[in-house]
Structure formats: structure tokens, C-alpha cells
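Mind docking chain H on chain P? Use the hints.
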Amino acid sequence: MKQEYNFSRRFFLKTSSALGALAFIPKGVKAFYEEVKNFIVPAKEQIPLKVSINKKSYAIKADTRTTLLDLLREDLNLTGAKKGCDHGQCGACTVHVDGQRVLSCLTLAATLPGKEVTTIEGLANGDQLHPMQEAFIACDGFQCGYCTPGQIMSAVACVKEGHTKSIAEIKEFMSGNLCRCGAYNGIVESIQKVAAQ
Amino acid sequence: MGFFDETFDLMAPNDRRVEGVAKVTGAGKYAAEYKVDGLCHAVLVGSTIAAGTIKNINVDNAKQVSGILDIVTHLNKPLVPGLADEAKIKEARLGLAIFHTDKIFFKGQPIAMVIAETLEDATYAASLITAEYEKTDAHVDFDAALKKVPLTPAGKERGNIETLNKATQTVEAEYNIKAEVHNPMEMHATIAEWKADDKLKLFDKNQGVNSVQRTFAKLFNIPTDNIEVISEFVGGGFGSGLRVWPHALACIMAAKQVKRPVKLMLTRPQMFYSVGYRPAAWQKIKLGANSDGKFVGIHHQAKNGTSVYENFNEGITRVTRLIYHFDNLKTEAATVPLNLSTPTWMRGPGDCTGDFAIESAIDELSYKLNMDPVALRMKNLALDKHPDNGMPWSTNYINECIEKGAQMIGWKDRKPAHSQTIDGDWSIGYGMAVGAWNAGRGNASAGIQMQKDGAIIVQTAMTDIGTGTGVSMQNIAHEQTGISKSKINIELGNSNLPPAPSQGGSNGLSSIGGAVVAAVSALKLKLAGYAAGQNEAYQNAAPADILLSDSGISLKTPNEQFISYAALWEKNNLDVLEVEASSGPGAERQKYAFCSSAAHFCKLRVNRKTGKVKLERMVTVADGGKIISEKAAANQMSGAAVGGIGMALMEEQQTDERLGTLVGNDFAGYHFPVNSDAPIIEVAFVNKPDPNINPQGSKGLGEVGIIGTAAAIANAIYNATGKRLRDLPITPDKVLLG
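Protein sequence lines, in the order shown, are assigned to chains P and H. Read in numbering that gives the first Met the number 0, the first sequence has 163 at position 164, and its numbers run on one by one without any break. Read in numbering that gives the first Met the number 0, the second sequence has 686 at position 687, and its numbers run on one by one without any break.
The set of hints was computed from the structure by calculation and includes no laboratory data. Cβ coordinates follow ideal geometry from the N, Cα and C atoms, glycine included.
Below, a sample of chain P positions facing chain H; criterion: calculated Cβ distance under 8 Å:
#, residue
1, Val40
2, Asp69
3, Cys84
4, Asp85
5, Ile119
6, Leu128
7, Met173
8, Leu177
9, Cys180
10, Ala182
11, Tyr183
So here's chain P without its partners, still in its complex pose:
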């Protein structure tokens, strides 16, 4: 038999934290709560969201659970930012938020209003590639290309942050962006090239 419940997520969270805090609640009540919890499926919440991405404004309705990465890839068809782990461990999803490099898979879309997001799609000036994009092609700073947008967004920030004084420093400050093809030679060379300009 199918049971229909429609408790709000807020109710669930409140109940949950209240119960967690009250350690003296008798075992029987806890067991009852566990039982009840099995039937509570929180409804999804959607919120209206105004975001600015690559200097373009979007007014959308977004799931409160949506990350910036999924917003870009699934909702806005901006698939340049890549999903390589969804856990903030690989850097493939790196974008700029207010000019800082940020992992979009660890950023909830709901935190974005009032901020400016720049993705790889917003880096070039029309048909004219950003010098870092140009350098990655010239230095063959990629193979499969999947980590590349994240590498380039990090590389642009790395130059801006001034962490380009030596190969070792570039390598250190680019170590949050994994490349399984191991195209690190070309990535370092690209950054050196742009930093020298």
C-alpha cells in the first residue's frame, strides 16, 4: 500500500534537530521517531533565483539542492564547467565567482544572487580567445580536454594571484586541478607564457 505524506523539509529538519538535541528522550520515543522518519519524504523546494553568469542575467526557478555546477550544466546548457568528482576533489568544475576561483560543485546555486559568475564560456572576447586559452592550444596543455576548462580558469586566477614565480610555485598553485592524462608539462608552460606577457 502506498502512503502519501507531505511534510515540509523545514518541519523535518526542525524535528530532526530538536530530537537530536534532546538526549534524554526515552528509547521508545526515539524508536518511534525512527519509524516515523521512514515515512517522511520531504517535498522538494524550488526558489526563484536571479543569477548573473558571464555578464548575462538569468531569472530562474531552482531546486534548493542544486549546485552551481548542476545549474550550469543541467539547467543552462553551459557545459564548459566539468563534473569530475562532484566532491571538490578534482578542480574540473572551477569557475570564477566575483573574480575568485571557486569549485562550482561545492557552491549551492542559492548562494549566487548578487555575485558575478564567470565560466569558461565567458572567458573569450567573442571570437578572440583569452591569452590563456590561446596558450593552452599553443603549448598543447591538454589531451582529452575534460579538465581543461577548470585548468584554464585556475590558471587565469593563478596568474592574477601572482603565483608564477617559478615552475615549482606554478605547480603548487595548480595542484587543485587534477589531470589524469598528465598534461602538466603543457599546463605549466602555458601559465609561464601568459605570466611573461
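Using the frame of chain P, we list chain H on its own:
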């Protein structure tokens, strides 16, 4: 026209990847990135036990989640005809018959699939699914299980292995390597759309669209041509995309179930048990030599892990029969079933593992013999012929790789005895090792479409997983036609294009290169056919006598006879000129043996207090025949060396026998080299064409870049510290305890 007598500037500034702009702007579409109307999302739910039977799956809570479309389990799946019964499942050779069994073989095995409107809905619903099982015993500890499996002969014994006992010096040792996981940066993903009951369109991550097409045609009992597979951009593979895996089938089943296009992307943790891995390996080597350094023989025993539902033999002792002359040789192998998913080929499969043990043992022997490891290898290389089948090499320049590498690293600066160079807490050492790979070639087809303005599109179904297939095809087409690179476009990674083999085993460019050459010949003949209508000189002209340019066709002799494309097109009322041609291995395979090879040298420092190993320099020199695109080839080699650093120092899939589970199956728990873990890799090539392997003379490089790297590093650690470490990865604890 001879490909080899033309000189061309390898480092020409326009030697840029054909797909470069698409990759640096984010415009290139990988499997999960296509916009498809009505698309919904599937998420897999894994079993929480490692072995047993599913008794009950509770999906009631999951069904209450808003946006849910359906939940597939083995109880309600849309039946896949090719998996209809036990016999068919066996015949399908898919490995895991996903959702067609109630048996559990490993933890994480998909037991259910949620299909929902959004990824968030599906992910949340998947988290609410629970199951009850009847558990049985499970084993995931390779080291414990391997003792129970007996060895059997792997290939023919050579000479008499007892002769080894008469050798002046012998090394006898065991080597252990932990399982490694491919982990391409793009997680495997599929978008499946049933265009009709018997017509399927797939956007899929793989290394061979035709193989995907054939597999699903068979499973769904529909004509191959009814399945379109698009894999234009592939975010790495390293072997994980060479098989068709169950999750792709699951996605297709989901699309059938909800009658809508469905996207399924594995999560990173799922990547560790869904698309193969390099299995853990145990090896034992007994190697002997006479006092002059001549090898007496080798006894090589090897075991690798596999799953309980499928046998996967790595072929670890294949390389034992490839590089050196051993008059007396015995190889034995076994596979060890575990409650893990099935392993598969990973970059340098088998050889990479076997080579580590052999090259470590040779290094150890060199110290016992008081001989330079370079000299010891040089003395024993099988340069005259393939040591196993006796066929003469078409080309084998492994000795030149070694000489060049030794010169580049400054091998003469190496101290012959260990522990001689100290810098504070650091000990510094040099190491080297070699690797080789039987160089193959498959049948491949390529097509060319030509426009009136002389622009051509060269096409193949072959994927470009990052190796530079596209830019190499462009280079070959440019060399063969004389048409400017700016007028040569490449289309690949689509099953509607001329068929090609999967991109693996260093066979990609070796196979497709010949097809491009053949297609250019076909184009020349077709153009000459039209030209003959205007000028008799073109009648019966051979491709070698026909020259093309950006603007038209001419003949080598007699003096040119130029006709513009525009004139040809006008006169013959042409639209787009299309040709297709195939090419593949032939009689040369009966005459010659083929191999690619590489020598790896490194200089590193080992911290005696912390056990940290830091690579200072890494030099890789390869014999890959003629280098078609030096940038892409060097990138392949340096990238493989980075992979070798991972294998040597950090990569390890840990397991927990008690829980029957993988441990640390994400990038926090499984480390491969980040940028700062690798030095700038120094790469060089012998760059001499192999005149027999294929028309362009190139031998594949993908594997030899990594085969031998780990041994070079382990050998350098010994030179630095006197610690002979035979278990990979060599993590700091092993250095300190060694």
C-alpha cells in the same frame, strides 16, 4: 609519393590540435553534455553487501519523491533479449548481467535504478532505497586469497629452467602491486534515446563506437545500423572505455522503461567499481646471469585478481618474452577470484605489471654482478628478432632509446654504489628501466569529402580520447594531399562515419593512418577520373603520380597538366565528392615482428626522515616509428610518465576484507599525481619510420610511455638509499620501513 622522403616541420606553429578551440572554450560536447528534448535522469543504487542474494528491495519511500518517473530492479526490468536466459547471458559476455540477476557478486553492484525528472530528484530518491539480502561469504583481500590458487603454465617453456641453478648470480624475489583505477577525468556517462522501437541513439563515453554499436545491436536484437553512437569528445579512457559496461545498458533500459531519453552519469565513487581497474598482482621472479652479464634464464610467476563472475587474465608474463633473450624461460600464471567488479585493460595492461618485476630484478642483478644496469641491459636485448616467435623485427630501436636517455639524464654522473649522494636529510639516486609493447594494427576505414573550393573533411568512426588522433589524421592527410591544414577538417567519434577499431593497445593511429592514406589515394583516383575527361594525360594515372593542392589537381609527369577543382566541379556538375577506403595489416605480419619501446630514466631524492620521494628529473625516450605529431606524441609520453609516477609512488585501491568493500574510492582516498607530484618530463623520440607496419611508418606510443616507469623509480630509490622496494606503490611508510 613517399611519405618518408618529405621533410616537414614537426613543430610548425599550426601543428595545433584540430579540436583545440572546442576544448579550451568549453564548446566541445562530451557524452553527458548534449541537449536532448525531454531528457530525464537515472541514478544507480548499489548493493550494500559483497556477496549473496537479494531478498527484498524497498522502493516505497523513493516512489514518494516528487519528480520520480520509475524505479527499475531485477523484478520489473524491461527484458533485454540478449540476456533473456542463463545461456544468453553467458553468450553475451557482458560480464555483469545488470538487473537480470538477484545474485550479488560485489559491493556496489547495481540493484536498482531510479529515473526522475531531475538529477536532484533521482539522487535523493536513490538514497531512500533499501534492500534485504541473504549474505554469503565474501573475499576481497587479494594477498590472502592468492595463496589458494595454483599456477598453471603461461606459454611454452624455453630451454630448461633448471639451467638457472648453474648461473653465477641469481636474483629471486617477490613483487606485489596494488590494484590501480583508470579514473579518467570524465566519469563514464550515457544518454540513451529510443528513436523507434528498434532504433537507438546513444551519446556515450567509450573508446570504440563500433564496439558499442555491435554490443547493443546483439543485446537488443536489432540491426547494427539502427544504433547510432556519438562519442565526439571523450574525456580520457586509459582502457576503461574499451569494454561496454553494464551502466550503459542500464541507461538504455531506463530509456525503454520510461519511453524518454535518459542520461546516466556514474559518480566518482561508482567509477571505482563500474568500469574496470588494473587488478592487484603478485609476481615471483628468478633471474640468473653468467659473470659476463649474459642472462642464463628467467622463471616468472604471476597472479592477478579477477571477479567471481568473470575471468580476467592480465597477461603479465607476455612482456617476459619480448625484450630480452632468455635461452631458458618458464612463465606461469593464475587468476584470483575476488568479490570485486571485473578488472580490465589499463594502460600497458599486463606488460606494465610484468615489466616492473623484470626490470627491478635486472637492476638488482646488476648490483650483484657489479655491472652498470645500462650495460647489462644492452648485453641482453633481443635486437635481432622477436625472442619468442623468432621473426625478425621490422624495426626495434630500443638500444637507441637507452643510449639517448642515458645521455639526456647524465647517467655518467650516477654513482654505481647505492647511498653515495647525500644532501641533508635527502639521499639522491638515479634509476632506469625499459619497456616494450607488441605493436599492432587493425583494419580501419576513413572517408574524405571534398568541396569545390578544395576543402576536405577526413572522417572516421574512431574516437580521439586525447591522444591526438584528429591532429595526426590531419597531418597525414596534409602530407598525402598537399592541401593546406587550414582546409582539412576532421570528423570522428561517430558510428555513422567509416568504421574503425577501438582506440586501445596503442593501435589507434597505427590503424587509422593507413586508412587515411588509402582514402587519399581513392580521392586522387576519383579526381583523376574526372580530370581524364578534360585531359587524356590523367588516364590510368597512379595515385603516386597525382598531385593535389589547395586549388586543383596536377600530374608529376608529364609537366603538371593543372586543372582547377572549380573547373572539374563545373564541367562534371559535381556537388560534394565522397570517397571511402579501408586499410589493414597484411602479409608483412607473416614476415616481421613489430614492437614499440621506450627507455625511462629518473633522478630523484628520498627523505630519510619522512620517506618522501621527490622526482627531480624524468626522461623518457621512445621508439614509436615515425612521429606524426610531435606535440601530441610528446604529450602522450609525458602524460604516461606521470601515470607511471602514480603507479610507483601513490596509486592504490585499498580494500577491507571484513566488510568486503573498497576503501577510499574517491579522489580523497585514491591519489594519482597532481601537478606538483611530477617534474617537467623530458621526452625524446628515435623518430625513425617503420617501413612495414603501416603506410605512415608510425608505431603506437600509448603503452610504452608507462611500461617501465615504475621500475625506473624503484631502481632510483635503491640507488639513493640501498632499499630494494618490491611492492607498489612505494608510499613513505614503505620507504621508512624498507
